[in-house]
Each structure stands twice: as structure tokens, then as C-alpha cells.
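Undergrad: These are the residues of each chain, in order.
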Amino acid sequence: MGNNSVATTTQALQHYTESFSGLEKSAANRELSWLRKLRQDGFARFGEVGFPTTRDEDWRFTSVAAIAQTPFRLVRNGHTLPSQKQIEPYRAAGAACQLVFVDGHFTPELSWFGKLPDAVKVSSLAAQIVGDPESIERHLGRYLDLRRDAFAALNTGFIEDGAYVHIGRGAVAEEPLYLLFISTAHGAPTMTHPRNLIVAEENSSATIVEDYVSLDGGTAFCNTVTELVAGDNSVVSHYMIEREDTQAFNVSTLRIQQARNANVASHSLLMGGALVRNNVHPVLAGEGGECLINGLYIGNGRQHLDNYMLVEHASPHCGSRQFYNGILNDNAHGVFHGRIIVHKDAQKTDAKQTNRNLLLSDNAQIDTKPQLEIYADDVKCTHGATIGQMEENALFYLRSRGIDELSARTLLLLAFAGECLDRMQQGPARAHVELLINQNLFHLAKRLPNRARESQGTDVARSVEEVG
Amino acid sequence: MSSLEIRNLHVKVSDHEILKGIDLTMNAGEVHSIMGPNGSGKSTLAQVLARRETYDVTRGEVAFEGKDLLAMKPEDAACEGVFLAFQYPVEIPGISTAYFLRSALNAIRKYRGQEEMDAIDFLPLMREKLKLLDMDEKLMNRSVNEAFSGGEKKRNEILQMAVLQPKLAILDETDSGLDIDALRIVAQGVNAMRAPDRAILVVTHYQRLLNYIVPDRVHVLVDGRIVRSGGPELALQLEETGYTTETGARRATPA
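Protein chains in written order, with our numbering: chain A, 28 to 495; chain B, 281 to 535.
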């Protein structure tokens with residue numbers, strides 16, 4: 028980057044300031060002082076640090092210059108909504124409800140609510156802030172560390188709308204609560220900062236799906252933050268599906284706060300977007316917590332899919348398991364950064380991390396990096412990463428039994444992705460994800476060159492960074 | 281018409297000639313054995329017949345039931361009735377053995393214009409063959425060959441053969457690494473497959489397997505050429521004298 032691009036970046040930041048002042052004047056909930064302060068602090072923090080560069084260790088493999096240099100604008104209300112027909116393909120089967128957000132704004136005309144248990148509340152964050160500000164103030168922004176994350180700070184500066192999910196004490200939401208985020212095309216590049224708050228009280232149980240899609244293309248930047256608060260003994264499954272088009276920028280942050288004996292599963296499926304950063308940050312704050320961090324990223328073309336995991340063990344007797352699989356084709360670039368911090372008091376921690384990658388072309392690239400920081404002395408932490416190509420031996424074995432080459436390739440891809448599926452509970456959310464994966468991989472298998480080159484999977488040398 | 285007819289087959293692997301002119305004719309109903317020392321080209325021959333594409337056939341012809349085998353893709357050869365029991369069966373994580381077997385059978389049935397079998401129809405067939413090979417049904421729910429013992433992997437090969445009912449079965453060192461009980465079971469599985477319309481080619485380093493599967497013909501492969509052919513007694517002879525004399529004999533023959 029030369030001086031020229033620095034100037035462009037400064038100009039682009041000017042757009043954020045203008046958008047921020049606009050929001051401050053027009054936001055429906057602008058009279059709430061705590062919220063105003065939260066926004067101001069967030070935006071001020073973003074102003075101080077600006078966008079990260081690849082000199083920042085947490086962003087070593089991902090340049091966000093393309094985001095920094097684009098003058099994105101907020102989409103204000105009053106534009107035309109997509110039709111029912113346009114979003115028909117994105118309807119979720121078997122869900123309890125589907126909240127639709129168009130360019131970051133809750134859109135009741137396109138949303139629907141099935142029969143929800145009394146103790147389960149699903150609404151827009153904006154409405155909940157007006158209706159019961161205390162329920163929001165108690166949690167919103169309490170778990171994010173804005174100092175270490177410019178995108179979370181930026182999102183906080185632009186808090187306006189998103190989803191609010193509250194699962195009351197002992198309540199069980201059987202069917203998934205489904206949130207659909209749609210970016211639509213506008214003449215100019217647009218940005219949205221959806222902010223979601225999910226609170227699962229003691230002994231409750233729920234499945235929440237966030238699905239990010241785009242209509243009609245166009246350059247869009249979606250910077251979303253979800254705070255998930257899992258109370259004592261709660262069981263929560265969270266799905267994040269990124270399937271926007273290949274012009275989209277998507278940065279998502281899932282911040283999970285787990286209380287005693289809470290059991291949370293985070294499942295991510297990244298298939299879309301030009302530049303995607305998927306942050307998953309659970310903090311196991313109460314004893315006996317269990318966290319599963321499961322994900323699959325499938326990259327084609329020039330897609331850049333970055334997964335940044337930060338698992339913090341802050342209490343004793345907690346378990347965390349990270350499993351991410353990546354399939355990368357063409358010039359796609361995948362990143363897996365798996366950081367585990369075991370704090371001083373978190374004795375008897377059992378943390379496991381596995382990242383497996385399948386590279387389908389010579390130009391596909393993966394950077395995988397484990398980072399273990401252990402400050403307790405009685406813990407078990409393991410990690411491993413593999414990078415391989417589609418095994419010619421396996422392909423020949425299948426073909427020698429009569430299975431044609433395309434089917435054999437598809438089978439092997441599905442088997443690799445199936446490892447991630449197997450970690451999801453049976454149900455409509457898993458079925459939804461499975462369908463998306465199958466469609467994607469059937470298509471991908473067809474695009475692969477016909478004859479496999481003789482190649483073998485290789486175990487990558489394992490590097491450990493331990494501190495303390 | 282013979283089942284398999286190999287004429288002057290030359291095969292290279294990365295510029296290194298492995299097979300240097302193989303001639304072999306097998307009729308349906310026959311069991312032939314190819315014996316030879318390590319590195320003589322036995323496995324190369326087996327893999328070429330199963331149409332592995334990484335081998336470079338430089339000369340020669342192979343006819344399978346009158347059709348040009350060398351023009352076939354591996355899946356087409358399999359659908360035509362060629363089966364290779366692998367020396368090193370491949371592990372495929374994430375695909376269950378039962379699903380793999382049924383997919384293979386259905387691919388072949390489809391090719392032959394037969395109706396595909398659903399899981400319910402397939403189960404009794406699979407159970408019958410499992411019994412033949414004294415295999416635990418639990419293996420069928422596990423990923424293909426993953427965490428199978430050496431003996432289980434070899435039995436799994438013969439199980440596949442029993443399910444797919446090929447017209448030409450090639451067994452590539454199926455006996456290696458088997459204890460005597462497993463060897464007996466595998467041999468019993470192969471013998472049960474002997475049929476007038478099927479040819480079986482047993483590739484082995486040791487004579488031991490041939491005590492259980494008695495071949496009609498034995499061929500000795502040394503340095504990419506068949507140097508001697510004979511009846512089952514040839515295998516016993518080799519057991520005593522080893523391959524060294526065969527190598528010597530070949531060298532003595534004027535080129």
C-alpha cells in the first residue's frame with residue numbers, strides 16, 4: 028500500500044463518520060443515553076484503531092484493504108422491499124419462525140412466526156429496545172472486548188437493529204429459530220451492521236440459525252455481531268450460514284458467554300462471499316461448560332474465507348472441541364486460526380482442536396495456525412492440522428468398483444464434509460445445512476478436472492505456540 | 281472365446297519399463313496363478329488390468345471377452361466384470377462400507393440395465409456374503425477399511441468380490457499378511473466363487489495360498505516377463521528352488 032491508498036482509506040473512514048452522525052440523529056432509539064454512549068464508545072474505539080492490517084497478528088493472512096478502501100453507506104429505510112417470490116428460495120422448512128432482515132432492518136412483511144412456547148420471545152432488537160430497554164441494557168455490549176476487535180467496535184457504533192431472542196428459564200424451543208439476513212443491490216456500495224442478542228436462561232434449550240444471503244448482487248459489506256448468553260445448564264445450538272454472492276464482504280463475530288454447565292454448539296458453514304471473516308469467541312465462564320465449535324468452509328474462484336477461533340477457558344472442568352474442515356478449489360484462500368486461552372484458574376480443562384483441509388487445485392491456499400496459551404497447570408490441550416489433496420488411491424478404489432469418476436469425486440467430497448455434518452444434531456437445521464452442502468459439492472465436483480494427478484495427502488508439521 | 285487375452289504387453293511407470301512383453305490367455309472357468317519375486321511386475325499387471333491410469337501402456341493389447349480392455353476406464357472395466365482385490369485396500373473415511381458396497385453394486389447393475397437395489401433388498405444379500413467370510417456385520421457400518429485389521433481388510437476385498445460377482449477376478453497378494461485361519465477363510469471365499477463363467481487370476485509371492493486355491497495354470501513372472509508356465513506342480517517346485525533359478529534360466533535364454 029502506498030500513500031495514495033492511505034489517502035483513500037482516510038476518505039473512506041470519512042464516510043463512516045458521516046454515516047455515524049446520520050444514525051445518531053435519526054435512530055429511533057436515540058433518546059436512550061446508555062445506548063447512545065455504547066454507540067459513541069464503539070465508534071470512538073473504531074476511529075482510534077481503524078481497520079486492521081496484515082501487520083496485526085490476528086489478521087496476518089487476511090487483508091481487509093478492499094473493505095477499508097470502499098466508501099460504504101448505510102441503507103436507510105424507505106427503499107423497495109424484495110417480493111415474497113424473491114425470498115421464496117430462502118424459506119426454511121421445519122423452522123418455528125423466520126425473521127427477515129433486509130439490509131439490516133427487520134422486515135415484518137416478509138417475516139413469519141409459528142407457534143412459539145410462551146417463554147420463547149423472538150423479535151427485532153430495535154423493537155425490544157423500545158419495548159423493554161432494561162432487558163437489552165443488561166446484556167448488550169457487555170461481553171465484547173472492543174479493544175481487540177475493530178469490526179466489533181464498528182458494529183457497536185452502528186447498533187440499530189438485528190434479532191433479539193430470549194429463551195425463558197426452563198423453556199425449550201423445539202424447532203429452530205431462523206434469522207434470514209438479506210443484502211439487496213443498490214447503486215452504491217452498502218454496509219449493514221446487524222446486531223443480535225440471544226439470551227438463553229437457566230435450563231433452557233434452543234437452536235438458532237443465522238442465514239446470510241444476497242439478492243441481485245452488488246457490493247455489500249455485512250458486519251454482524253451476535254452476543255449469545257447461555258445460562259446455567261442451558262443447551263444452545265447456533266448455526267451461521269454465509270452464502271452471499273461473490274461480491275460480498277462479510278465479517279461476523281459470535282461472542283458466546285457460557286455459564287455453569289452450559290452446553291453450546293457453534294456450527295459455521297461458509298460457502299459465499301468474496302472476503303469472509305468468521306470470528307467465533309466462546310468464553311467458558313462457569314464450571315462444567317461444554318463447547319463445540321464446528322465448521323466447514325468451501326471456497327471457489329477467488330474467495331477468501333478466514334476463520335478466527337478464540338476459545339477462552341476461564342473456569343475449571345470445561346471442555347471445548349474445535350473441528351473445522353476446509354475444501355478449497357481454484358484460487359480460493361482459506362484461513363484457520365485456532366486460538367485457545369486457558370486462564371489460571373481453569374484447571375482440568377480439556378481442549379481439542381482439529382483443522383483438516385482439502386486442496387483441489389494448485390492455486391488454492393490454506394493458512395492454518397494453532398495458538399495455545401496455557402496459564403493453568405492441570406489441563407489437556409491437543410491440536411492438529413492436515414492439508415491434503417483428493418486422494419488418487421481412494422478415487423481409483425471407488426472407480427475400480429464400478430462407480431464413475433464424477434460420482435466417486437462427489438462421494439469423497441461429501442464424505443469429507445460429512446465429518447462436520449455428523450457433529451450436528453439431527454433436525455431441520457442440520458437438514459437445511461446438509462442440502463446446501465450437497466448442492467454446493469455436486470456443483471463443485473462437476474467443475475473439477477477429469478483426471479486426478481497422482482498425489483498424496485501430507486501431514487503438515489505441527490507448530491505450537493505456548494505462552495506461560 | 282477366451283476370457284482374458286494379453287498380447288505382448290509393455291508397461292512403463294515414469295520412464296521405467298516394468299512389463300516387457302507379457303502374453304497370457306485365460307479361459308472362463310479357469311484359475312491361473314502368477315507367481316514371482318518382489319519387483320517382478322505382478323502388481324503392475326494386476327493394476328493395469330483394473331485400468332489404473334497412472335501406468336503407461338506402451339505396446340500390446342488386452343482383450344477381455346473380446347473387448348479392448350485397455351480402452352476402458354476403471355469404472356467401465358468394473359461394470360464389464362473385471363474385479364481387482366487390492367494388495368493394499370484403501371481406507372475411505374466418511375463412507376460406510378455398506379453404502380460403498382451397495383453403490384458399487386448399483387453402479388454395475390445400472391450399467392447392465394438392471395434395476396438398482398434399495399437398502400432393504402440389499403441387506404439379505406450382504407448378510408449371506410458376510411457369513412461366507414465369517415465377518416461381523418458391525419464392520420459394515422464403519423467407514424470403508426478404516427481401522428480394519430489387516431485380515432479384515434483382505435476379507436472385505438473378497439466380500440466385495442462375492443457381492444459384485446465379477447467375470448474376471450484378480451487377487452493381488454490377497455494372502456500376504458494373513459494368518460492361517462484368515463487364509464483358510466479367504467481361500468474358501470474364493471473357491472466358492474469358482475464357476476464355469478468366471479476366470480480367476482491369483483497373484484502371489486508365496487505358494488502357500490495355492491494349497492487352498494488350486495490353480496489350473498501357474499505362470500512365473502520375473503523382471504517383467506513370463507519365464508515359465510505349467511500346471512499346479514510348478515508352484516510346489518518353486519517353493520523348493522525359489523525364484524533365483526528362474527532368473528538364471530531367463531538370463532541363459534538368448535535375447
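Be aware that one or more of the hints could be misleading.
In the EDC-like style, the derived pairs of lysine to aspartate or glutamate whose C-alpha atoms are separated by at most 16 Å in a straight line are [claimed, not checked]:
#	chain 1	residue 1	chain 2	residue 2
1	A	Lys148	A	Glu202
2	B	Lys418	B	Glu395
3	B	Lys390	A	Asp431
4	A	Lys473	A	Glu400
5	B	Lys353	A	Asp83
6	B	Lys353	A	Glu432
7	A	Lys379	A	Glu400
8	A	Lys396	A	Glu202
9	A	Lys375	A	Asp404
10	B	Lys353	A	Glu419
11	B	Lys353	B	Glu371
12	B	Lys411	B	Glu426
No wet-lab data here; the hints were simulated from the structure.
Undergrad: Next, verify each hint and record whether it holds.
TA: Do the hints match the structure? See the list:
Between lysine 148/A and glutamate 202/A the alpha-carbon distance is near 13 Å, which keeps this suggested pair within the 16 Å criterion. With a CA separation close to 27 Å, the supplied pair lysine 418/B and glutamate 395/B exceeds the 16 Å bound. With a C-alpha separation of about 11 Å, the suggested pairing of lysine 390/B with aspartate 431/A holds against the 16 Å cut-off. With a CA separation close to 43 Å, the supplied pair lysine 473/A and glutamate 400/A exceeds the 16 Å bound.
As the CA atoms of lysine 353/B and aspartate 83/A are separated by approximately 51 Å, the hinted pair breaks the 16 Å bound. For the hint linking lysine 353/B to glutamate 432/A, the alpha-carbon distance of about 9 Å falls within 16 Å, and the restraint holds. For a cut-off of 16 Å, the pair hint linking lysine 379/A to glutamate 400/A stands: about 13 Å separates their Cα positions. The hinted pair formed by lysine 396/A and glutamate 202/A fails the criterion: a straight-line CA distance of about 36 Å is larger than 16 Å.
Of the supplied pair hints, the one linking lysine 375/A and aspartate 404/A holds, its CA atoms being roughly 9 Å apart against a limit of 16 Å. Distance check on the hinted pair: lysine 353/B and glutamate 419/A sit about 14 Å apart at the alpha-carbon level, within 16 Å; holds. As the CA atoms of lysine 353/B and glutamate 371/B are separated by approximately 22 Å, the hinted pair breaks the 16 Å bound. At roughly 21 Å between alpha-carbon atoms, lysine 411/B and glutamate 426/B are farther apart than 16 Å, so this suggested pair is violated.
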